[in-house]
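Protein chains in written order, with the working numbering: chain W, 1 to 176; chain Z, 1 to 469.
For the record, the hints were derived by calculation from the structure and aren't laboratory data. You may find that some hints are simply not true.
Incomplete in silico selection of chain W near chain Z, CB under 7 Å [as the list claims (entries may be wrong)]:
no., residue
1, W35
2, Q41
3, T88
4, L90
5, R115
6, L164
7, I166
Which bits of chain W does chain Z cover? Going by a derived footprint, with three or more residues having C-beta under 8 Å, they are [stated by the list, open to error]:
no., stretch
8, 13-22
9, 120-128
10, 153-160
By construction, the Cβ of each residue, glycine as well, lies at the ideal position given by its N, Cα and C atoms.
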Amino acid sequence: MGESAEQYHRFELLVSEHHVRVRAFVRSLGVDTDWVDDIAQEAFMTAYREWSSFDPSRDFGKWVRGIAANIVRNEIRKHARRQRILHTELTDLLLWRHREATEERVEPLAVDAIRACLGELAPASRKVVRGRYRDGLSAPELGSLLGKSAAAVRQMLVRVRRQLRICVEERLATET
Amino acid sequence: MSDERFQDLMGSLLDGEISPDEITELVRLSKGDPARLREIQEQLETSEMIALAEDELRDSALFVSALQGRILEDPFVSEVRAGIRRGGSLRRPRRLLPWGVAAAALLGFVGTGGLLWQTTAEATVAELTEVSGPIQWTGDGGQVDTAPTGGRRLSGGTLESLAPDAWATVRFPDKTAVTISGQSTITISADRQKIVHLRRGSLSADVTPQPAGRPLVMVTPTAELRLGSTRCRVSADASRTTLAVSDGRVRVERLSDGRTVDVPAAHRTVASLDVEDDLRVVERDEATHFWRADVEEEATHGEWIDYLTAYRRRLARSVETGRMTRDQAGREFEAYASRLEDEGGLRAAPRRVRPDSEWDVRYMAVLDVSLEQAPVVLAEGGSFRVRGRVKQPADLVIGLGLGELGGRASGRDLSRQIRVEDEFDIVVQLADFRGSEGSRWGKELFTWFGMTDEREAELEIIGVEFLGR
């Protein structure tokens with residue numbers, strides 16, 4: 001890390017600004033949801049240690065996401081009892097996809113935009129999202145509440161996430 | 001069809017309910033198909049964003065605060081922060097060679113909550129803050145300290161309290177405190193996260209919020225506990241672990257079958273080796289001023305003597321040596337059983353103690369008040385009724401290990417010497433104990449013990465009761 005308390009404070013501000021995007025990125029590489037924050041924190045810690053090598057004219061978020069990708073890549077080589085990724089080959093493919101798609105990639109979503117789009121969902125969709133993400137219910141549990149099969153609930157969630165993504169991207173495009 | 005199957009599998013992946021075979025199938029369906037890989041990536045990313053928007057436990061402040069905690073624990077970062085505080089310009093050393101470690105040691109304590117360094121290359125993971133009675137510390141490097149004192153810095157290693165009324169508190173840099181009491185052994189380490197192995201005995205834990213995904217893990221012979229922001233007590237032996245939670249929530253995994261339960265505040269559970277036990281989470285009873293010990297179940301030191309079994313053996317020997325016929329022995333046994341009032345007694349066993357600076361041997365019978373029952377609180381005017389027997393007259397001393405209600409060990413007391421003989425049934429007033437009266441009112445009784453220094457007396461404790469007033 002740099003040479004003054006001000007720089008340390010600046011780092012804290014950068015963390016506040018970028019952590020949500022880094023966490024979402026880590027998850028997109030197939031990291032187990034329980035370990036997403038752990039790996040994201042490791043990425044920021046590494047960034048903190050390597051601060052002196054960071055060029056301030058570069059994009060900080062992109063730099064930390066690159067560090068996070070390296071941590072996840074190392075995870076593939078680990079044969080630890082508690083590997084933090086869901087599946088080695090899947091993560092390998094997602095990392096490959098990350099490298100290939102760097103140019104076309106749109107900026108990750110923003111929480112505020114997600115919240116706004118959640119507010120626009122139809123009541124049934126809102127109910128299933130709340131049940132899944134706020135109350136932590138599994139697909140079979142949600143299914144029994146809603147009178148649907150677990151597979152139908154999963155399909156519904158896939159559609160809602162797709163819908164939310166489009167909504168957020170449109171919202172961000174309008175803002176810019 | 002394969003597209004529909006892909007959607008199904010992706011839904012299961014996102015839901016965390018995909019099997020290893022299914023995930024292999026998903027990989028096969030996505031390999032070489034950038035559109036599908038993109039779909040998976042976007043679904044995972046959006047799912048995480050929704051979780052961050054909806055789950056208050058994962059909000060921004062908690063993430064940043066957990067990261068700050070990890071940065072403070074990081075050895076290199078701590079050293080740099082010390083440099084920043086000194087106001088100087090500090091470059092990262094290329095390697096943290098011994099001279100670098102020694103320099104870091106000179107920096108000492110790095111601010112509040114900062115990392116502590118020892119003069120060796122081993123990083124300090126905690127500090128021994130309080131010690132009462134005989135305590136022993138064995139570091140991972142094998143060095144033994146038979147009389148550690150408060151303020152000692154601890155790397156990974158094993159801490160033992162060696163007497164029923166002894167206790168010691170270990171405090172981590174984030175103020176998480178673990179207090180062992182009675183005859184207990186823990187091993188501590190803190191690499192990626194705090195890990196405490198409770199090998200036997202009991203402890204109380206006062207755990208501050210832990211970094212995301214890295215709770216304090218407590219391992220006992222029969223359970224694995226995950227603690228974050230909680231206050232609880234745990235006791236363990238080779239076959240069962242008892243947990244009583246005062247604040248927060250603790251996740252318990254029974255090692256014999258991997259079953260887990262969450263234990264909330266004011267509740268308790270027992271994880272035993274026997275999977276037939278149903279790992280029930282039950283509400284803990286209100287504190288009480290009355291206790292009748294289950295001497296056999298609550299014994300933690302001494303030899304349980306089952307009177308019927310012991311008498312049967314004696315009669316069998318008489319039959320074998322021809323001093324009695326089998327019929328006579330049978331009649332004798334029936335008569336004995338019909339007049340027997342107590343099932344057995346706890347024979348005092350030797351234990352090395354250190355009353356002053358020298359080690360000595362006492363014969364002790366020790367009972368730990370079970371966490372499965374209501375907390376027993378000492379009250380003004382209370383007394384202990386003690387029943388037992390000795391083979392020859394002896395001086396009996398009663399000892400108490402005390403603690404804060406629902407919290408950590410924090411006191412001990414001894415009675416004056418009491419002369420006992422034959423079968424005795426005595427009442428000892430709390431006022432007859434040596435400690436100051438005010439110091440024990442309202443304290444929870446953790447441990448009770450009876451002891452004598454006369455081996456030939458063969459002290460046996462048959463019953464113990466506490467009566468509040």
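Going through the hints against the structure:
1. W35: Interface hint status for W35/W: holds (6 Å vs cutoff 7 Å).
2. Q41: At about 5 Å, which falls below the 7 Å cut-off, the nearest Cβ of chain Z leaves the hint on Q41/W intact, so it holds.
3. T88: Violated: closest Cβ of chain Z sits about 9 Å from T88/W, beyond 7 Å.
4. L90: Holds: closest Cβ of chain Z sits about 5 Å from L90/W, inside 7 Å.
5. R115: With a minimum Cβ separation of about 5 Å from chain Z (threshold 7 Å), the hint on R115/W holds.
6. L164: holds, 6 Å
7. I166: violated, 10 Å
8. 13-22: With 4 residues closer than 8 Å to chain Z, the stretch 13-22 of chain W meets the three-residue bar; holds.
9. 120-128: violated (count 0)
10. 153-160: With 4 residues close enough to chain Z, the hint holds.
The structure fails to meet hints 3, 7, 9 from the earlier list, while all remaining hints are met.
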